[in-house]
Each structure stands twice: as structure tokens, then as C-alpha cells.
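Quick note, the sequences are listed as chains A and B, same order. If you count the first sequence from 1, position 454 lands on 454 in my numbering, and the numbers rise without skipping. If you count the second sequence from 1, position 189 lands on 189 in my numbering, and the numbers rise without skipping.
Nothing false has been slipped in among the hints.
Since copy identity is lost for identical chains, a pair holds within one copy or between any two.
Here are the computed lysine-lysine pairs in the DSSO-like style, where the Cα-Cα straight-line distance is at most 27 Å:
#1 K365 with K280
#2 K182 with K319
#3 K319 with K365
#4 K451 with K412
#5 K451 with K115
#6 K320 with K182
#7 K336 with K365
#8 K280 with K337
#9 K337 with K115
#10 K182 with K300
Just so you know, these hints were derived from the structure itself, not from any lab. Given the structure is predicted, the values throughout are model-derived calculations rather than measurements.
Protein chains: 2
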Amino acid sequence: MLNRVRSAVAHLVSSGGGPPPRPKSPDLPTATSAPPAAPPEAPRSPPARAGSARAAPRKIAEARASFSRPTFLQLSPGGLRRADDHAGRAVQSPPDTGRRLPWSTGYAEVINAGKSRHNEDQACCEVVYVEGRRSVSGAPREPSRGQGLCFYYWGLFDGHAGGGAAEMASRLLHRHIREQLKDLPCWPLQKEVTHESLVVGAIENAFQLMDEQMARERRGHQVEGGCCALVVVYLLGKVYVANAGDSRAIIVRNGEIIPMSQEFTPETERQRLQLLGFLKPELLGGEFTHLEFPRRVQPKELGQRMLYRDQNMTGWAYKKIELEDLRFPLVCGEGKKARVMATIGVTRGLGDHNLRVCSSTLPIKPFLSCFPEVRVYDLTQYEHCPDDVLVLGTDGLWDVTSDCEVAATVDKVLSAYEPNDPSRYTALAQALVLGARGTPRDRGWRLPNNKLGSGDDISVFVIPLGGPGSYS
Amino acid sequence: MLNRVRSAVAHLVSSGGGPPPRPKSPDLPTATSAPPAAPPEAPRSPPARAGSARAAPRKIAEARASFSRPTFLQLSPGGLRRADDHAGRAVQSPPDTGRRLPWSTGYAEVINAGKSRHNEDQACCEVVYVEGRRSVSGAPREPSRGQGLCFYYWGLFDGHAGGGAAEMASRLLHRHIREQLKDLPCWPLQKEVTHESLVVGAIENAFQLMDEQMARERRGHQVEGGCCALVVVYLLGKVYVANAGDSRAIIVRNGEIIPMSQEFTPETERQRLQLLGFLKPELLGGEFTHLEFPRRVQPKELGQRMLYRDQNMTGWAYKKIELEDLRFPLVCGEGKKARVMATIGVTRGLGDHNLRVCSSTLPIKPFLSCFPEVRVYDLTQYEHCPDDVLVLGTDGLWDVTSDCEVAATVDKVLSAYEPNDPSRYTALAQALVLGARGTPRDRGWRLPNNKLGSGDDISVFVIPLGGPGSYS
Numbered sequence: 001m002l003n004r005v006r007s008a009v010a011h012l013v014s015s016g017g018g019p020p021p022r023p024k025s026p027d028l029p030t031a032t033s034a035p036p037a038a039p040p041e042a043p044r045s046p047p048a049r050a051g052s053a054r055a056a057p058r059k060i061a062e063a064r065a066s067f068s069r070p071t072f073l074q075l076s077p078g079g080l081r082r083a084d085d086h087a088g089r090a091v092q093s094p095p096d097t098g099r100r101l102p103w104s105t106g107y108a109e110v111i112n113a114g115k116s117r118h119n120e121d122q123a124c125c126e127v128v129y130v131e132g133r134r135s136v137s138g139a140p141r142e143p144s145r146g147q148g149l150c151f152y153y154w155g156l157f158d159g160h161a162g163g164g165a166a167e168m169a170s171r172l173l174h175r176h177i178r179e180q181l182k183d184l185p186c187w188p189l190q191k192e193v194t195h196e197s198l199v200v201g202a203i204e205n206a207f208q209l210m211d212e213q214m215a216r217e218r219r220g221h222q223v224e225g226g227c228c229a230l231v232v233v234y235l236l237g238k239v240y241v242a243n244a245g246d247s248r249a250i251i252v253r254n255g256e257i258i259p260m261s262q263e264f265t266p267e268t269e270r271q272r273l274q275l276l277g278f279l280k281p282e283l284l285g286g287e288f289t290h291l292e293f294p295r296r297v298q299p300k301e302l303g304q305r306m307l308y309r310d311q312n313m314t315g316w317a318y319k320k321i322e323l324e325d326l327r328f329p330l331v332c333g334e335g336k337k338a339r340v341m342a343t344i345g346v347t348r349g350l351g352d353h354n355l356r357v358c359s360s361t362l363p364i365k366p367f368l369s370c371f372p373e374v375r376v377y378d379l380t381q382y383e384h385c386p387d388d389v390l391v392l393g394t395d396g397l398w399d400v401t402s403d404c405e406v407a408a409t410v411d412k413v414l415s416a417y418e419p420n421d422p423s424r425y426t427a428l429a430q431a432l433v434l435g436a437r438g439t440p441r442d443r444g445w446r447l448p449n450n451k452l453g454s455g456d457d458i459s460v461f462v463i464p465l466g467g468p469g470s471y472s
Numbered sequence: 001m002l003n004r005v006r007s008a009v010a011h012l013v014s015s016g017g018g019p020p021p022r023p024k025s026p027d028l029p030t031a032t033s034a035p036p037a038a039p040p041e042a043p044r045s046p047p048a049r050a051g052s053a054r055a056a057p058r059k060i061a062e063a064r065a066s067f068s069r070p071t072f073l074q075l076s077p078g079g080l081r082r083a084d085d086h087a088g089r090a091v092q093s094p095p096d097t098g099r100r101l102p103w104s105t106g107y108a109e110v111i112n113a114g115k116s117r118h119n120e121d122q123a124c125c126e127v128v129y130v131e132g133r134r135s136v137s138g139a140p141r142e143p144s145r146g147q148g149l150c151f152y153y154w155g156l157f158d159g160h161a162g163g164g165a166a167e168m169a170s171r172l173l174h175r176h177i178r179e180q181l182k183d184l185p186c187w188p189l190q191k192e193v194t195h196e197s198l199v200v201g202a203i204e205n206a207f208q209l210m211d212e213q214m215a216r217e218r219r220g221h222q223v224e225g226g227c228c229a230l231v232v233v234y235l236l237g238k239v240y241v242a243n244a245g246d247s248r249a250i251i252v253r254n255g256e257i258i259p260m261s262q263e264f265t266p267e268t269e270r271q272r273l274q275l276l277g278f279l280k281p282e283l284l285g286g287e288f289t290h291l292e293f294p295r296r297v298q299p300k301e302l303g304q305r306m307l308y309r310d311q312n313m314t315g316w317a318y319k320k321i322e323l324e325d326l327r328f329p330l331v332c333g334e335g336k337k338a339r340v341m342a343t344i345g346v347t348r349g350l351g352d353h354n355l356r357v358c359s360s361t362l363p364i365k366p367f368l369s370c371f372p373e374v375r376v377y378d379l380t381q382y383e384h385c386p387d388d389v390l391v392l393g394t395d396g397l398w399d400v401t402s403d404c405e406v407a408a409t410v411d412k413v414l415s416a417y418e419p420n421d422p423s424r425y426t427a428l429a430q431a432l433v434l435g436a437r438g439t440p441r442d443r444g445w446r447l448p449n450n451k452l453g454s455g456d457d458i459s460v461f462v463i464p465l466g467g468p469g470s471y472s
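Sequences and hints are given; from them, build the entire structure.
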């Protein structure tokens, strides 16, 4: 996440080295004990190999302190070095040999061009078994086993100010979701409480519990920085896309683009941030004003009239400049340069509990929300073909690639492969990552149109919605 | 507005009889001095006749204390009595003789079936002259005069707990908008501050100033209750639809329905209300909980698990019931029965400064927003035909009529008239009001399908977007 957190690392409280706190409940996932998410005997579409890091939790902490990539990439020590090479920026995908990801999901990633030491994106793809739930008769196409229930899960985590939060979320968030789904009652319930709204609530709660766990364990486990989280849950015929941050998900269906997320940035969340600053002025510490101005107000403009926007407004109006309007604006800058408190360019996600305003002790976390927006797509309402896909990407992809360009690449790449070739989705993910990275030229990474490619970490999932090798 | 405010009237602080406070600025509109909005010599499409009430401001206060209808209805004393008759519920429209409303706008209204003593809806339709502004060269089709600028204006105001707020807003809101538009600078400005965003800001500010004026003058001028406000401003080729409340505006264009507003109710604004209760618990007075439950929690359920929704959630999850969860929910009920603090069924509008929770001194106003949502429709982007209309209606219309039914009535009525017959839009407004009111049968007002018609006040504007007699 290029420049998302300005000077933030320098203000992180250093992590202590004491013993990890005990988890609040034995049921809750913990950073130090991570039992396999899937049952011992995997269901029809098995999860990716539980890597050695999962089997030896103590090693996770060590690996985190240095560098780790998603276990499903099955990287050798040499492969891990290549994935960590800023000069070559080799695209990484799961190996063609061995088990494929569920649904023949495609995945590709590339490290940034030098903006941070390691790739701060993380990814997870699992089939998760929920114990103790009865399988629902007549529910379409989900694997089930005994009294339990399975859901499919994909997650992209884009870290900033360190890779710890993204790494922790990639290991644990789906376990929080599993715990929440254990609570699903036998439906139907009251009219307004649909099964769908319970799954949405379970995902929302899981995000909050994940964030609270990061707050509790940040000292003991070096959970540095924060991360955006974009996750997909498939359960009982429906796809739930939950997004907290500036990653993006779109469905490309028969060439049509269906947005499945929105980005949460200081610009899109201006009114929420301003409202909070207005209702809780103590959070601004006398350093910031919750009002927005088209440009920074100068002291000599005191008493003059200037355009402004308040928390309730979408348009601009005039006000007379007062002394407190000279404070720095809570929300400032445009586009990718927009910042909350001059520090962070994304307004939802996990972690960031130690983030402070530059040269200040003022915490930024109160303005950040860990709650995702969840959109639901009913897979049973449409007959999907093998070329219909759900594309997830971190902002490294979307900064330089439009939805339409992604749809064009979907068409171009998939039409070059047989519909039943399961490797076509990985080829598509690689093409998307390569198209956003570009090639080294003129002392930079350049796209074919000679514009700069993305220098950020780039990670892409391509999830087929109706192709061979999928769930059907 | 049927049952919108439960037991609210009884808790209104009675208005004092002292002298009216002085306005803050000589520029601001006041309740006691209302200069004509249009210039002495009317532009091409002249405003409706400035009624005697406008010319004699002292009489306005007296009329308000009893009963008044929009001046453009030109009601005689006998007509006023018929408009006030709950038994007959005669539909009122401007007379066929004399000047038509601007753009040949159609209008019709009917009083409620007895839920309040008078019709608490009010309406306004004016051409408003903004002094001191240069006419913009090349700007399409708006009337201009000298250094000034004109805008067209339509407003519907649906009062509750008394008619004072709606009556005051119908007389003064467009003057606040006029004052704000005087501030419009010569454009272009900074990139992000478009002319459109300045008009939006002017309308937003005008709503706020109108609400503040009601707060200041509530004692001196008997501004009882509150009102929803739905207003349309046409300026420089664009239609601005501003809505605060549960009235609704739709465009019917070539049979297609384009929503131009959303309703603001305890259900649609649940998360905003809950957030406020969460951040400012003192506003709940220890009587309410900001959490939502599917049903009222019983004392015997203390310690048990129950579904809930918090301010950040769209789905439902579980929590253990604690003592404070036994408080009454801030937001409660479904559909038309949904209430804030068990009192009011609409969450945006003007006035309500005296509104208290039943059997309590807890003010409800902090949870109500006076800010409208403003949607913009560019009239120049489409070649409109005489059958394309913007329909505004109070909830009396929409409670029993769907968007599609309105579109069908648009088609049916307009096709029965010549395209150049200017009376067709009034006929359409009357048909819509009659269709929502129904006919007296089985001791009630019934629709043809035998369902109950609306017993509420019903008011409808039909604004032609491209027909003869319009602005073109």
C-alpha cells in the first residue's frame, strides 16, 4: 500500500516482549494456537495444504518477524527469496503440480518496487468446517459432513506500516467467522431476521473480534501496523463479499461488470469522519478542525469568507473564517493523496491500534472502522458459464487498472484457454498482475502506454463462478 | 401525516405570546416580513399571484393560528371551508381561470379523513428572483433580468403535531435559498467545487437556516410541530430535488421511473440514529438503548443470548442480555409503525424543537436532521417530451400508491389529453390524489381493489419536463 501511512512507522509504540495474554475464551482463535480450519478428513474440495507454519505455531511468530507468503504458494526457500526480490518482481502463483485451490481459483501476486522491505499483502484460501451445525436439507451444492457445515473462504489483506496485521488476519479471520457461524440458529426466524442477515452479522462480528484480538495481542505478538481486508464467503448458494479498506471486488459475468465492493477512503468516508470529529471534538486534540475547505486556510484570511463543507453537507457553502478554522483539516487531500489527520489514506480495516498523528500522541484509531460493508450475490439466480468470474484485487491492481480493462483481460485470457482447463484462472490472475506491474523501462516499471505501472504490492484472486473444477 | 407523532402534541411546550425576536440579519427572511419573492415585473413565466396574506404579513400570523391553504389555490372563504371538510374530502386544485402555475405545473390536494383538525400539508410554487447576480452567458433557458437571476421553485411540506412549521416553511424556505444563492461566486472555481456543488450547498444551508429560524421564533410565532420538506429548484438547466422526510419525488420519462429522492425514516436511518446514541449516550437519558433487538427484551431474559444489531451492523448477531438492554430501544417497530424513541416516524425535516418523549422531558430533536439529500437531474442531457414529468407527493400518496402505479396513471391520464393542453398536468395530479384517497364505502375510504385508501393529507405536484407551456 504505497505511501498509505505517512511517517506512521516511526510513531508506532514498540512492542513489548512479555508472555502472550491468555485468550478470553477457549473457543476463540488465538495467534499462538491455530488448529486446522478444515476437518481431519477434508471435504470434496479440500483446503490448500496446511503449511508447516500452521502445524508449528511457535514458528509462525518467528516467520512473521522476518517474512512469510501465503502457504498455498508452497514456496521453497529459493522461491521465497525470489518472491521477496524488489528488482525482479517475479509474479508468484500456486504451482501447477499438486492440489489446486478450491473451485480452481486463480491467484497471482507480486512484491512492490521498493516502497517497503517485504510484500505487505497477504492472502488466504480455505474450505472451513463449522462444527456442530446440522446440514440444511435442500441447500444447494455446499459440502457438508456429519453434523457440520462447510463454507468456502478467500481473503486478501493489504498491510500498511508493517506486515504483522495482514499476516495475523490472513491466519485467523476465517476462524473468527467460523466461530460466529457456529451460532447460526435453525431458521426461519422472525420475518426480518433472514438467514442471509445472520451470515452478514456473523461476518461483521468476526471482523470486530479480529480487530479486538489484534488490540489485545499487539504487544506480545508484534502485530505491526494495520491492513485492509477483503474476504469472500460462499455458503448455502450465496457469495458474501465483505470489504474494509480500499481493495476491490467485481464480478465479470457475460462481459458485464457487477461491482461487489466500494472503497473506504478519507474521500468516500468524509462525512462519517467529520461527524465523529463534530460529536467528539476531544478526538481532534485541538490540532484539527472537522470542517473541510477547498484548500488550507491562511492566517491572513481570518475574518474573510471561504467555502467549506460540514459533516451534513455534500455541497459547498460560505462561512466566515474563525480562529479554529486555521487548524489542520481532519480530512485533507484528493484522490490517492487524501489523508485522515495527515496520516492515513484508508479509513477501514484491521489493526492500527498504535497509529498516532505524526509528531503527536493523538490516536487515529477512533476514526478508523473495522466494520466491513457486506454485499451478497445469489449464485443460484443465474446460470453461470466458465467465463464468469469474481475478481478480487488489492489497490495495487486497481490504481492502474479500470474495471473495464479487467473485464477486457478476462475475455482475452479466458478465450485463449479451453473452458475446462483449470489453469486458465491462474493465467488470468497472472495477466492481471503483470498488466498492473508493467515491465522495467526508463528507470521504472512501465505499462504498454508508457504510463507508470503500479509500484505497490499487487495481489489478485480470480474465482470462477460456474466453470469446470468449481464446486458444481 | 397519519400517526407520525404519537402523543407528541400533548408534550409540546405551549407557545408564549411575547413580541417576536428581531431577526439576526436584515437580509434574512423573517416570519413577520415577507417581501415578494419575484421581481415587481414578473419574468416570462410569472409566479403565481402573491396572495393577500403575503401583502399583509400581520395577517399571516392570524391566518396561521386558524387555517390556511396555498395562496395559488386562490380559495374563496367558501372554498376554504370545502378544503377543510373531512367528510367530503374534496380535491383542491388551482382554478382553470387566471394565470397558471409556472411550466403549467399541475397540483392537487385533499385533506385527511379526520386524523388532524386541518390539512397539515402545505405547498409553494414560485419563480424567485435573485438580486445582484450577473446572468451567465450561454446558460440555457432560465429567465433573467438585469443583473439578477431567477430560479423556479416547488415545495411540499408535510406537517405533524400541528401545521405551523409546514406553513412557515412554505412561506420562507425559498427565500432562504434565494439568500444563499446570492453568494454564488463567478465560476469556474477550484476543480472540485463545481457550480452544481455550490447550488447543493446553498440548498443545504437554507434548510439549516430555516430550521434555526424556527427554533428562534417558535415562541413568538406559534411554530407548532415539525414538517417534512421536499423542494425542487430549477436553475441553469439543472433540476435539484432536496428531500428531508418521507415525501417522495420520481421522474417518469418515456415510461421509465427515475427515483429522485429517498425516504428518511427510523428504518432507513437506523444506523445514523444508533451511532448518535452510541457516541452521545446522554441523549438517551438512561431511558433508551441504542441497540436494536428483533423484539422487546423481557426482564426474565437477562443473561440469555439474543439477536441484536449495533450501529455498525447491517446483519444480526448474538449477545448476552444485560440490564441496560432492557431499556426501550431507540429505534423500534416496522414499516409505517417504526418510531424514534417511541414517538416520531420520520427522521429528517424542519421544526420539532419542542418535541419530547412521551411522559418525559427528553428532547427528540437531536436525533432529527434538518439536512436534505439533494439529487441533481440535468434537464439538458435528454430531449424531453410533453409526457415526461417530475411527480412530487407527500406520504399520503405513496402509502397506497407504488411508483409503477403512478407511472401507469401518468400514461393513462396524459394520453387522454392533447399534448399541448396545459390543463393535463392538473388533471394528472387530481387523478393521483383521487386514486390514493379512494371513495367513501363501507364506513371508510376505499380503493377500487377494496383496500383502504389513504386517510392522510395528500398533496401532489406534477411538473412537466418538456411539454408546451413549460420553460422552453
